[in-house]
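Asker: Based on the provided sequences and hints, a complete structural model is requested.
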Amino acid sequence: MAAAKASAVKRTAPQGDGAAEDDVVVEATTARASSSSAQSPAPARIDVRKTYKLFIGGAFPRSESGRTYEVTTATGSFAANAAQGSRKDAREAVVAARAAQPGWAGATAYNRGQVLYRVAELLEGRREQFVAEVSAGEGLSTDAAHAVVSDAVDRWVWYAGWTDKVAQVAGSANPVAGPYFNISAPEPTGVVALLAPQQSSLLGLVSVLAPALVTGNAVVLVSSERRPLPAITLAEVLATSDVPKGVVNVLTGRTAEIAPHLAGHMDVNAIDLTGAVGADGVTWGELEAIAADNVKRVLRPELDEAEEDWTRSPGLRRVLAFTETKTVWHPKGV
Amino acid sequence: MTTTAPSHDADALVPAGRGSAQIADLARTVTGAATLDDASLRRYLHGLPGVDKVGADGRAAQLGTRSIKTTAKAWGLDLAIRMIDLTTLEGADTPGKVRALAAKARQPVPGDPTCPPVAAVCVYNDMVGVAKEAVAGTGIKVAAVSTAFPSGRASSAVRLLDTADAVAAGADEIDMVIDRGAFLSGRYAKVYEDIVATREACHAGGRDAHLKVILETGELVTYDNVRRASWLAMLAGADFIKTSTGKVAPAATLPVTVVMLEAVRDFRRDTGVQVGVKPAGGIKTAKDALKYLVAVNEVAGEDWLDPDWFRFGASSLLNDVLLQREKMRTGWYSGPDYVTVD
Amino acid sequence: MPSFEYAPAPESRAVVDIASSYGLFIDGEFTEPVDGSTFKTVNPATEEVLAEVSEAGQADIDRAVAAARRAHTEVWGPMPGRERAKYLFRIARLLAERSREFAVLETLDNGKPIRESRDVDVPTAAAHFFYYAGWADKLDHAGYGPNPRPHGVAAQVIPWNFPLLMLAWKIAPALAAGNTVVLKPAETTPLSALLFADLLLQADLPPGVVNIVTGARETGSMLVTHRGVDKIAFTGSTAVGKRIARELAGTRKHATLELGGKAANIVFDDAPVDQAIEGIVNGIYFNQGQVCCAGSRLLVQESVAEEVVERLKSRLGTLRLGDPMDKNTDVGAINSPQQLERITRLADAGTAEGATRWTAACEIPATGYWFAPTVFTDVSAAHQIAREEIFGPVLSVMTFRTPQEAVAKANNTPYGLSAGVWTEKGSRILWMADQLRAGVVWANTFNRFDPTSPFGGYKESGHGREGGRHGLAPYLIEGAH
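Protein chains in written order, with my numbering: chain A, 1 to 334; chain B, 1001 to 1342; chain C, 2001 to 2481.
Just so you know, the hints here were simulated from the structure itself, not pulled from any lab data.
Just so you know, these numbers come straight off a predicted model, no measurement behind them.
Keep in mind that a hint or two might mislead.
Label pairs and their computed distance ranges (CB to CB) [what the hints assert, rightly or not]:
{"no.": "1", "chain 1": "A", "residue 1": "106", "chain 2": "C", "residue 2": "2303", "range": "23 to 29 Å"}
{"no.": "2", "chain 1": "B", "residue 1": "1207", "chain 2": "C", "residue 2": "2361", "range": "40 to 46 Å"}
{"no.": "3", "chain 1": "C", "residue 1": "2040", "chain 2": "A", "residue 2": "313", "range": "35 to 41 Å"}
{"no.": "4", "chain 1": "A", "residue 1": "88", "chain 2": "C", "residue 2": "2252", "range": "29 to 35 Å"}
{"no.": "5", "chain 1": "C", "residue 1": "2303", "chain 2": "A", "residue 2": "168", "range": "37 to 43 Å"}
C-beta atoms are modelled at their ideal positions from N, C-alpha and C, and glycine is treated no differently.
Answerer: This is the structure:
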């Protein structure tokens, strides 16, 4: 984590892309330095940079297309070369998600809750890296980035606690007019494609990802196109967590290129179109029309032009959007 | 389903005389057990398909919605009369009461020869002689309730004596009760042996009294028990299986009868042996009787639509059928003053 | 010994007056369509023309939507829930009072047996109104936030298989939630909806709260794509459902879709066999199999397959096909020549693909549209009759060996509306219920419906639920906390 942090500093400093960004980075460094006073301001060695890759089926492959694209900081300086995922990568991700979904859904709600809570613990442990990435990517001050990370961790914890409560809140015992036991409960929809928000690269990301996982869906997440780094770092967190491989798959790349293939994929049961807002070259309406081919459940973006306010306390909307209510009947008799 | 009798060559299983030996052979073949004891009978009976109560009730209710009108109703009402075991089973029964009943049995509507007689009169066994005399020459049978009816709570010896007494007095049919205590406590062999022994008593001295086995379904409570008791009775050689004594509530119900009709249907399918069914007690109206006939028709099939294979154990039912019969004849509703009080 | 021949027991047709022609019910009154188009509705059992019905065009839809909008803004929206509730209770009571009339009309127009319209369609429709009536003033407690709001004007398009019942499933929750409605009944079964309009007049429901526009597919398309509607609810084919979803893409309108199905009815070797047979019969021959949740695929454990099929055929021998108005009829007429053609074509495909066809022996009336109960054995998963929704009295029988195989076969379909499981083993039922990807799982029963019980599909069988607390959700916008 310290290495990643340092890399943000090193990467920008020699390039000197702009004063504003340098300020941010310096501020971030300072903030961190004050909390762990051993840091030297001068590089003692050349840091080892991270290669950002896709996350499919628990592995970190490059795009099968071999393509990458340059990710820059909020001020336009080079941040990383991210993998530019293709439709074939999306296809592989769907296969991985489908394979993983029954096991994840079949785990007890208590177990899913523990696994998800463990993710929050690991997120907290990676705080510095996320702060650096959010700060650089979204152009936030270190304090602001810390606040974002805190919100993201807290949100993850909030959703983790829902796993064993959703069915109680969203289900029902139905008093039918006859001698039948009758109960309705939400079940996961299956494989869900998520277009993560373009702007809010961590809090927004967590806010769309965590709710889809609560009930036992497996997801294929398309990260923010221009701010993909927190998504990959989150994938690294997930890879070291107890979330089974394939339950979360992360694609970076061009939203307009990947999203239609997920919207049209007949083995994807639902799609969250949040990230279509602000994506170049695609509208959520087009994707929704494609999604009709297999009657996908579609979660529309809340607003047409802007992202919703991710700091707002979420309701259960995003959890329930990716559930199916199943009703079971059985006679009662001796 | 898997444990019902393997599909046999049905014809080969029809025993010529249905003597005790053949019956035991058949029971062993059907159950696949060399020895008929509690354990082997339990294995067999508990391997029968279960009965879902709600589904069975629903099926019976649906059969009950059949609308039997005009010619079908007229035909059904006369058939119902011919199937009635006109019954009196009171502590206060007297020869006079039984003779009155027998008179009604012979000629339910005074002066109307188109009205058929009932199938039988059913009495306690000390009244068998009186009843026999009163129906002599009519073809109407005399059925005697036996084996320490209605509870059956007597030693096997006493139960058999009771039966022998009725048979000696000339009973054509013996309505025995099973030992529900034994059944409910899993002593299936005891129930089986009781029936076999009673059947032998029915046939003692060259007599051939038909054996109706009363399950007392109101005490068996569950339809699973009704199905198992039906099969146990049929394996032991019952000529008829009968729901109730009439002394325990609930007595006959349509769903219980449907379950028993399914049992006789399947028993014939598996063995080639046809067994009759007699719901008794609680069937009071012509409308009810028609529902039972619909059930017989659609569950067991029309082979059972005959007094030889289906009976109603009833007393007040006859008058209601007669009122309905009169309504069909005249087009006007009749009243209790126009049928006889026995 | 003669057999027990049930004499004809026809329900009296005299209880219902069918007008020779019907207008559109818009803004509280029957009006003529602007362009004067009409079509005929026939009794599918006799091919007799029952009435001439108006075909709503764009101008009529405009009027109906405008009336619904005005009613929503001025009357129904502002009205307190407790008052809306009383109207709905009234409707429930009126339906019960006039149940005979509705049952007869439904049977005449649809072809379904009077026993079913009398015992299922009409009482369940009345119960649906009664149930949702009670929700109208309790929406704060429904779990959709405090003070949830209605969408506004709901456009509702319903199918011909349960005309009145589907109307109730659509209108009752919409009105309880505070929406107003423009409803289009199916082209071949418009009459019970028009009689319902008459009932609304008796109920003094404010004009415009419910509008009934009759017509065919074009009318429906005009309605669901109308700019003035806020909410769409559709029950019908998956193909049309997909089209609607496409048409609404990119808008802010929400659709509830109740689409097709190809349900598996799974029978294990330890099933309560007599009830299972009834469940199979009820599953696929109820309403001539013209039921989206019909148990059209019988998956039976191989060890008992022969016995089950034999028992089933013997039971089918007691089904009575014929005059739907006869109270003893079990199998009525197919709703339309188009539907009959589809059933015939798919059944013929079953024969052509090598499945073994068995048809119940019954006399087919000379006039009308009929299809005798049919069972296909030796069906493989690749056969058309194992995959396509036939929507008719045609059962495809397949076998399985293990519970896992049963689940895999049951779920091997793009649909996911319903499923049946028959076994006496409780833990297996619960495991199966977990595994089956279907919105309704009937265990040891089939085709049960209740106003309190949510109904709706997984996958291509649609989304959204009808019935129960869940059935309110499609008609409410969640209140802010």
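Asker: If a hint holds in the structure, say so; if it does not, say that too.
Answerer: To see whether the hints hold, each was checked on the structure:
1. A/106 to C/2303: 23 to 29 Å: holds, 28 Å
2. B/1207 to C/2361: 40 to 46 Å: At roughly 45 Å between Cβ atoms, residue 2361 of chain C and residue 1207 of chain B fall inside 40 to 46 Å, so the hint holds.
3. C/2040 to A/313: 35 to 41 Å: Once the Cβ atoms are compared, 57 Å apart, the range 35 to 41 Å for residue 313 of chain A and residue 2040 of chain C is violated.
4. A/88 to C/2252: 29 to 35 Å: holds, 34 Å
5. C/2303 to A/168: 37 to 43 Å: holds, 40 Å
Violated hint: 3 only; the structure is consistent with all others.
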